[in-house]
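Participant: Take a look at the letters that make up each chain.
Protein chains: 2
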Amino acid sequence: MIRLWVPQDLAAGAVVEPGRDQAHYLVNVMRLAAGAELALFNGRDGEWRATVTEASKRACRLAVAARLRDQATTPDLDLVIALVKRGRLETIVEKAAELGARRVRLAITERTNADHARVDRLRAIATEASEQTGRLDVPEVLEPVKLDRLLAELEGEGRRLMFCDEAGDAGPAAAVLSGAGPGAWAILIGPEGGFSPAERARIRAIGAAVPVSLGPRILRADTAAIAAMTLWQAAMGDWAA
Amino acid sequence: MIRLWVPQDLAAGAVVEPGRDQAHYLVNVMRLAAGAELALFNGRDGEWRATVTEASKRACRLAVAARLRDQATTPDLDLVIALVKRGRLETIVEKAAELGARRVRLAITERTNADHARVDRLRAIATEASEQTGRLDVPEVLEPVKLDRLLAELEGEGRRLMFCDEAGDAGPAAAVLSGAGPGAWAILIGPEGGFSPAERARIRAIGAAVPVSLGPRILRADTAAIAAMTLWQAAMGDWAA
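Top line first, the protein sequences correspond to chains A and B.
If you're matching positions, the first sequence starts at 12 in this note's numbering and goes up one per residue.
If you're matching positions, the second sequence starts at 12 in this note's numbering and goes up one per residue.
Note that these hints are calculated values from the structure, not bench results.
There's no promise every hint is true.
Negatives, chain B to chain A, calculated, CB over 10 Å [to be verified]:
1. Trp16
2. Gly24
3. Arg42
4. Arg60
5. Thr64
6. Ala76
7. Gln82
8. Gly145
9. Ala212
10. Val221
11. Gly226
12. Arg228
13. Ala245
14. Gly248
15. Asp249
16. Ala251
If you want the ones that stay clear, here's a sample from chain B, every Cβ over 10 Å from chain A, calculated [said to hold, decoys possible]:
17. Gln19
18. Asp20
19. Arg31
20. Gln33
21. Glu109
22. Ile136
23. Glu164
24. Ala184
25. Ala186
26. Ala238
27. Ala246
Derived DEER-like restraints, expressed as beta-carbon distance ranges [unchecked claim]:
28. Lys157/B - Ala70/A: 47 to 57 Å
29. Asp159/A - Arg60/B: 52 to 62 Å
30. Met41/A - Ala178/B: 42 to 52 Å
31. Asp32/B - Gly169/A: 48 to 58 Å
32. Arg60/B - Gly167/A: 46 to 56 Å
33. Val156/A - Ala76/B: 39 to 49 Å
34. Lys96/A - Asn39/B: 34 to 44 Å
35. Arg60/B - Arg215/A: 27 to 37 Å
Just so it is clear, CB atoms sit at the ideal spot from N, CA and C, and this is done for glycine as well.
Please construct the entire structure, taking both the sequences and the accompanying hints into account.
Facilitator: This is the structure in structure tokens:
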């Protein structure tokens, strides 16, 4: 069954008019006709079965029927990722949706060679991946900010930082995390080329930073992000039980 | 420092003539000139420092100097992956190199909609990723075979199977693996759409099969492969200590 994220409120009897792109997808790409069923979610009201009541060039309307699943919260996990090349960044956002991060924060670091990203495009990728992975919300994708400001924000929120520190003497991630408690966390992944020595020192000076190692090989940023989210979910997220 | 996999034997004083593509890469892309240093490995003799002695349109020659690292073995981990779309298959092979699998085996399953893959291209990707990730060998990429034959081969080798079973009641991967011993293993990832019920039954009937769950969300094949390799390495591979 097709799953669609919509911004509208969902309740029995509600009528939803999908946006232009979604209507095109439903009517022209997937060729749904009146009577077809699909599932809707909005990140607030759970997942609902809906029926197509009109599917034409002029209009597409969906009637919300019954709730399929109650809203559930994803673990409070942020993924902080330095801006990397567009293709890898898009992969990372897709995987953050699949692996259940609640938020993706983009960092501008000393060795970042870009200072902007197509955040609208990244949000569309997050939405589509969330639809396909079965989750009931879509990870937020925030505008890029400089690392210093971002670290200050994370400290202000009291988040613990899983710092994937390729340069260091950190212990194996799984072992380190098994001794750490749950709560609000952020995973911190550097750019290709790593954090600068000054950035590393700044991060390690944060009391809530938990440096971890991701094995003996050099990982690309996308691989490191996926591996780190996996180990976090296994240790204290929703893969644990 | 550039790392290059070469087929030739490596020893102090050996002279290596790179193949045509590698010579092009060194001379025209990376613009190495006589005197430049790089690292060579072949999967047998460790990693060696070498010096460019000739770099011209006609010839490229490398003189092997001193050993940088002794050969180390990667853990005995096979990744068995059903044929999926080309882009995702290429990603998976790249990640298998980064995450330290020793071998990638391609399976043709009931729901596979391809029966061949560009194995030569996949091998080139495995080589390049191995050069960049710092490992001392390159994962083998085997020609696709039908799942039944592949399972018989794995049974014949006495491999245990980490079976990523999305349909089932399997326990969380990290917990299940923490109770399993090391040795020769294979990770088994189905195609988009999953294994058929008959295939699932066939796999679960194998005594060495260890069904595991990869969390509550539906994962694409590349995500599942990366997550599974990560958890295996963390539990009993070279990420553990």
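Participant: Now tell me if each hint is right for this structure.
Facilitator: Okay, the hints, checked on the actual structure:
The Cβ of Trp16/B lies farther than 10 Å from every Cβ of chain A, with a closest approach of about 14 Å, so its non-interface assignment holds. Residue-level check passed: Gly24/B sits 29 Å from the nearest beta carbon of chain A, beyond 10 Å. Annotated as non-interface, Arg42/B keeps its C-beta farther than 10 Å from every C-beta of chain A; the closest such distance is 20 Å. With a least beta-carbon separation of about 18 Å from chain A, Arg60/B lies farther than 10 Å from that chain, consistent with its non-interface assignment.
In this structure Thr64/B is separated from chain A by more than 10 Å, as the shortest Cβ-Cβ distance comes to about 28 Å. Separation of Ala76/B from chain A is adequate, the least Cβ-Cβ distance of about 23 Å exceeding the 10 Å criterion. For Gln82/B, the condition that its CB be more than 10 Å from all CB atoms of chain A holds, with the nearest at approximately 14 Å. The beta carbon of Gly145/B sits about 5 Å from the closest Cβ of chain A, which is not more than 10 Å, so the claim that it is off the interface is violated.
For Ala212/B, the requirement that its beta carbon stay farther than 10 Å from each beta carbon of chain A is met, with the minimum near 24 Å. For Val221/B, the non-interface assignment is confirmed: its Cβ lies about 16 Å from the closest Cβ of chain A, beyond the 10 Å cut-off. Not every CB of chain A lies more than 10 Å from the CB of Gly226/B, the least distance being 4 Å, so the non-interface label is violated. Interface exclusion of Arg228/B from chain A breaks down, the closest Cβ pair being 4 Å apart, not more than 10 Å.
Against chain A, the non-interface label of Ala245/B is violated: not every CB pair exceeds 10 Å, the least being about 4 Å. With a closest Cβ-Cβ approach of about 8 Å to chain A, Gly248/B is found to fall inside the 10 Å limit, against its non-interface label. Once the 10 Å rule is applied to beta carbons, Asp249/B is inconsistent with being away from chain A; the minimum gap is 6 Å. At roughly 6 Å, the least C-beta separation between Ala251/B and chain A is not larger than 10 Å, which violates its mark as non-interface.
Chain A leaves Gln19/B outside its interface by the beta-carbon criterion, the shortest separation being 24 Å against a cut-off of 10 Å. The claim that Asp20/B lies off the interface holds: its Cβ sits roughly 24 Å from the closest Cβ of chain A, which is beyond the 10 Å cut-off. For Arg31/B, the condition that its CB be more than 10 Å from all CB atoms of chain A holds, with the nearest at approximately 27 Å. No Cβ of chain A comes within 10 Å of the Cβ of Gln33/B; the nearest lies about 20 Å off, and the non-interface call holds.
The beta carbon of Glu109/B sits about 5 Å from the closest Cβ of chain A, which is not more than 10 Å, so the claim that it is off the interface is violated. Every CB of chain A is more than 10 Å from the CB of Ile136/B (nearest about 13 Å), matching its label as outside the interface. At roughly 27 Å, the least C-beta separation between Glu164/B and chain A is larger than 10 Å, which holds for a residue marked as non-interface. Consistency note on Ala184/B: stated as away from chain A, yet its beta-carbon is not over 10 Å from all of that chain's, at 7 Å minimum.
Some Cβ of chain A comes within 10 Å of the Cβ of Ala186/B; the nearest lies about 8 Å off, and the non-interface call is violated. A Cβ of chain A approaches the Cβ of Ala238/B within 10 Å, the least distance being about 4 Å, so the stated non-interface status is violated. Under the 10 Å C-beta cut-off, the non-interface status given to Ala246/B relative to chain A is violated; the minimum distance is some 7 Å. For the pair Lys157/B and Ala70/A, the beta carbons lie near 49 Å from each other, so the given range of 47 to 57 Å is met.
Evaluation of the 52 to 62 Å hint for Asp159/A and Arg60/B yields a failure: the beta carbon distance comes to about 39 Å. Judged by the Cβ atoms, the range 42 to 52 Å given for Met41/A and Ala178/B is violated: they are separated by roughly 25 Å. At about 52 Å, the beta-carbon gap between Asp32/B and Gly169/A stays in the expected band of 48 to 58 Å. Range check, Arg60/B to Gly167/A: about 48 Å between beta-carbon atoms, so the 46 to 56 Å window is met.
The hinted range of 39 to 49 Å is satisfied by Val156/A and Ala76/B, whose Cβ atoms lie roughly 46 Å apart. For the hinted restraint 34 to 44 Å between Lys96/A and Asn39/B, the CB-CB distance of approximately 23 Å leaves it violated. For Arg60/B and Arg215/A, the Cβ-Cβ distance of about 32 Å falls inside the hinted range of 27 to 37 Å, so the restraint holds.
In terms of the numbered hints stated before, the structure departs from hints 8, 11, 12, 13, 14, 15, 16, 21, 24, 25, 26, 27, 29, 30 and 34, listed from lowest to highest.
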